[in-house]
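There are 2 protein chains.
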Amino acid sequence: MVLLETPPTPELLYLCSAEPAELAEVAAQMRSADLAEALNQLPRAAAAKVVANLPFHVAVQVLDEPEMECEDEILALLSEPAAAQLVEAMSADRQADVFRAMPEEQRAKLIRALEPDTQAALKELLRYPPETAGGIMTTELVSVPASWTVEQTLRHISSVGRAKETVYAVYVHDPDTRRLRRVVSLRELIVSDRSVPVSQVGDGRQPLSVAADTDREEVARLISKYNLLAIPVVDEEGRVVGIVTVDDVIDAIVAEQTEAVQRFGGMEALDEPYTRISFVRMIKKRAGWLTALFLGEMLTATAMGHFEGEIQKAVVLALFVPLIISSGGNSGSQATSLIIRALALRELTVKDWWKVALRELPAGLALGVILGTVGVIRILLWQALGWYDYGVHHLLVALTVGLALIGVVTFGSMAGSLLPFLLRRLGFDPASASAPFVATLVDVTGLVIYFSVAFLLLRGSLL
Amino acid sequence: MVLLETPPTPELLYLCSAEPAELAEVAAQMRSADLAEALNQLPRAAAAKVVANLPFHVAVQVLDEPEMECEDEILALLSEPAAAQLVEAMSADRQADVFRAMPEEQRAKLIRALEPDTQAALKELLRYPPETAGGIMTTELVSVPASWTVEQTLRHISSVGRAKETVYAVYVHDPDTRRLRRVVSLRELIVSDRSVPVSQVGDGRQPLSVAADTDREEVARLISKYNLLAIPVVDEEGRVVGIVTVDDVIDAIVAEQTEAVQRFGGMEALDEPYTRISFVRMIKKRAGWLTALFLGEMLTATAMGHFEGEIQKAVVLALFVPLIISSGGNSGSQATSLIIRALALRELTVKDWWKVALRELPAGLALGVILGTVGVIRILLWQALGWYDYGVHHLLVALTVGLALIGVVTFGSMAGSLLPFLLRRLGFDPASASAPFVATLVDVTGLVIYFSVAFLLLRGSLL
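Heads up: the sequence lines are chains A and B, in that order. Residue 583 in our numbering sits at position 63 of the first sequence, and the numbers go up by one each step. Residue 746 in our numbering sits at position 226 of the second sequence, and the numbers go up by one each step.
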């Protein structure tokens with residue numbers, strides 16, 4: 521037996537693939553997720569050769585890994601019968617993933633090579649968009665009629681257990697209508713009397729379920745809230761059509777998290793790893809929002825144009841423009857991040873907007889006073905130390921900056937916190953309220969606030 | 521039996537609590553997570569009364585819910601023996617959560633009222649910080665000696681199953697050293713021959729495990745990557761001291777997600793729901809970063825001061841300052857969000873910084889050219905339509921803005937993408953690179969780029 525001290529590299533796997541027996545030994549020491557990652561790093565043709573020479577059940581396990589990124593390309597490089605045999609043995613939800621990733625032509629060809637049953641199940645799963653319960657569910661589950669005993673059910677699990685995605689939740693259906701009546705955990709079965717009907721095991725509450733078009737985020741919330749290992753997906757008649765398991769939900773949560781951060785960063789979600797996305801697709805995802813924000817930000821040039829006369833008379837005012845407007849954007853970005861998460865976690869609902877406004881008003885004022893004070897000190901200090909000369913009216917300039925900061929930061933907190941509510945109210949996702957979006961919104965208003973304060977305080981002196 | 525058409529409200533629960541039998545009926549129709557949420561909404565004294573009158577096992581289930589937010593306050597309102605009895609019956613990881621939330625005095629009092637065994641287990645768990653494997657693990661697990669058969673193991677699970685956090689993973693230890701030898705899933709046991717030794721079930725690979733001080737993010741990554749239901753936490757001798765289950769990991773991932781978005785928004789993570797945190801604590805979490813960013817942004821005033829002469833001569837330059845520097849901040853914020861996630865998902869490591877730089881340089885240039893073109897068109901259009909007069913040198917002004925945008929957006933993409941690497945290299949969390957942080961960094965440099973381009977192009981004409 522080959523014994524490895526360090527994990528096998530992708531290159532070693534490829535070298536071994538010439539000798540299937542050796543490859544099998546090396547692969548047996550790796551977990552399938554690691555094997556999948558190693559294959560991702562190989563050129564496609566080499567990866568396909570490794571897959572072709574792996575023991576069949578290992579190859580299936582590897583292709584079943586959500587970590588596997590290029591299974592469509594690998595399958596395309598294998599002979600059609602070999603590809604069909606592998607796909608046939610994969611779990612139903614991963615089959616659907618693979619087919620979704622394939623170009624139309626390859627998909628049509630490969631699907632014809634599959635068993636009629638698999639074809640039918642696959643066509644069913646492919647109907648659902650990937651961000652819904654139907655899109656991440658699997659059809660492999662254990663469902664038994666309510667008339668069975670615990671003993672019968674356990675024996676059934678023992679016989680089919682290897683083939684099913686999860687055996688830890690057993691779905692008990694009505695023998696006639698096939699409606700879902702109860703969900704029993706394997707744990708409850710194991711600790712139960714073997715002769716009891718399975719319909720009497722566990723608590724009698726109506727089981728939780730979702731529809732096939734339920735958003736995956738909602739599925740994740742339910743699984744997480746009720747600590748489930750899987751949740752059944754039911755059709756309109758209440759019959760189970762699939763289950764979403766906790767591991768698929770974790771993958772969905774992690775994907776949502778990536779989306780959330782990218783969108784908060786002011787771009788469309790990539791939906792692909794940064795390291796794999798093509799240059800052109802990445803630019804497209806970034807340029808859209810960047811241009812939209814740029815067009816919005818153009819209003820600052822218009823606003824500044826309005827105050828050109830003031831700037832001409834008191835250039836000193838222009839010096840503090842970036843400082844003041846960015847402070848508003850920063851406090852807005854903080855408030856938005858708080859509210860987006862509170863809405864996502866259902867700590868807040870749309871009707872709570874006024875509670876948030878009542879909280880953010882004093883919060884913005886408090887933060888504004890802090891920054892305003894620092895700003896005033898900065899100007900007076902520089903003046904006193906002779907580091908910069910803000911002119912004879914430096915006291916008034918400092919006061920203008922201080923008061924403008926209070927106004928801008930307060931406005932930033934209010935706008936940043938209410939924007940997600942407004943977006944939801946208008947039917948958009950509150951998470952579209954990115955940090956740059958808020959900053960742009962606050963920049964324009966911030967300029968107006970600043971120059972208005974300046975106009976009020978400096979009229980007759982500087983202006 | 522009281523049959524409810526709509527879910528019981530917190531108020532109804534409180535009303536029923538006068539009649540424990542009625543309360544038990546109403547509560548039986550609710551899931552414990554929902555019951556916990558209802559109790560969160562009641563005044564503490566009312567919630568404590570409901571808990572006191574709930575059937576004992578239901579009260580324990582409710583307190584076991586991570587959704588429960590005020591269990592420390594409720595326990596404080598119960599009699600000490602009642603509180604101790606409830607805590608005694610809770611799962612070990614939740615006991616630790618409750619004690620962590622308690623004020624020192626209450627904790628010391630309550631811990632003395634517990635059984636010596638529970639006290640010892642609890643003191644052990646409380647040693648670990650809450651963001652580590654030790655801090656989220658439970659000590660309730662099924663561990664059997666390698667000498668047992670499948671039959672013995674299954675019988676053991678049936679007898680202890682109800683008391684253990686998860687029975688779906690069984691930890692097989694060496695009978696002498698108690699070192700972890702193998703992890704066997706309940707699924708594998710169920711489909712195995714009953715007479716086989718448990719040490720021969722499943723694959724023979726070294727089981728995955730983590731140390732008690734492993735970060736919870738790393739634990740989540742392993743559970744998610746290898747699709748585990750639980751991961752064992754082992755001590756230095758390789759003995760299992762606890763397990764982290766998938767549901768605790770989901771809670772940890774969701775908490776990390778909230779932290780990530782809040783930190784990316786430019787603040788310290790709240791670590792408490794927005795709706796529950798006190799005003800003063802919230803201001804503290806926000807004011808720190810806001811002030812730090814403000815101090816950094818002050819450099820813009822210094823930079824602008826350097827160019828006061830130029831602005832005096834060509835006020836038109838000041839008009840585009842917000843537009844240009846915010847575009848740099850926006851492109852930087854996009855790049856940062858991409859890299860933070862790619863690092864978190866391990867798609868990139870620190871040594872890939874140059875690959876990212878080689879990709880962000882052309883990406884920044886491409887995005888800069890797009891915005892620069894839009895900017896030039898905007899200025900020339902306004903001039904042609906007579907909406908604004910940028911003076912006789914408007915062509916040069918447009919060119920200055922266009923070129924400055926290319927420079928600033930490129931710098932923004934580069935700085936935004938490399939900042940997370942730099943932070944990690946300096947030993948900080950790359951996720952400290954918030955959108956406002958990047959914007960501040962880019963604002964100062966953006967001004968220098970803009971005025972340098974202006975100086976080169978406009979010398980002899982406007983300047």
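Just so you know, these hints were derived from the structure itself, not from any lab. This one's a predicted model, so the numbers in the text were calculated from it and none came from an experiment. Hints may be right or wrong, so weigh each one.
Since the list can't tell identical chains apart, any single copy or any two copies may satisfy a pair.
With a straight-line cut-off of 30 Å between C-alpha atoms, the simulated DSS-like cross-links for lysine-lysine are [to be verified]:
#1 K629 <-> K871
#2 K833 <-> K805
#3 K643 <-> K569
#4 K684 <-> K629
#5 K805 <-> K875
Which of the numbered hints above does this structure break? Hints 1, 2 are the ones this structure does not satisfy, whereas the remaining hints hold.
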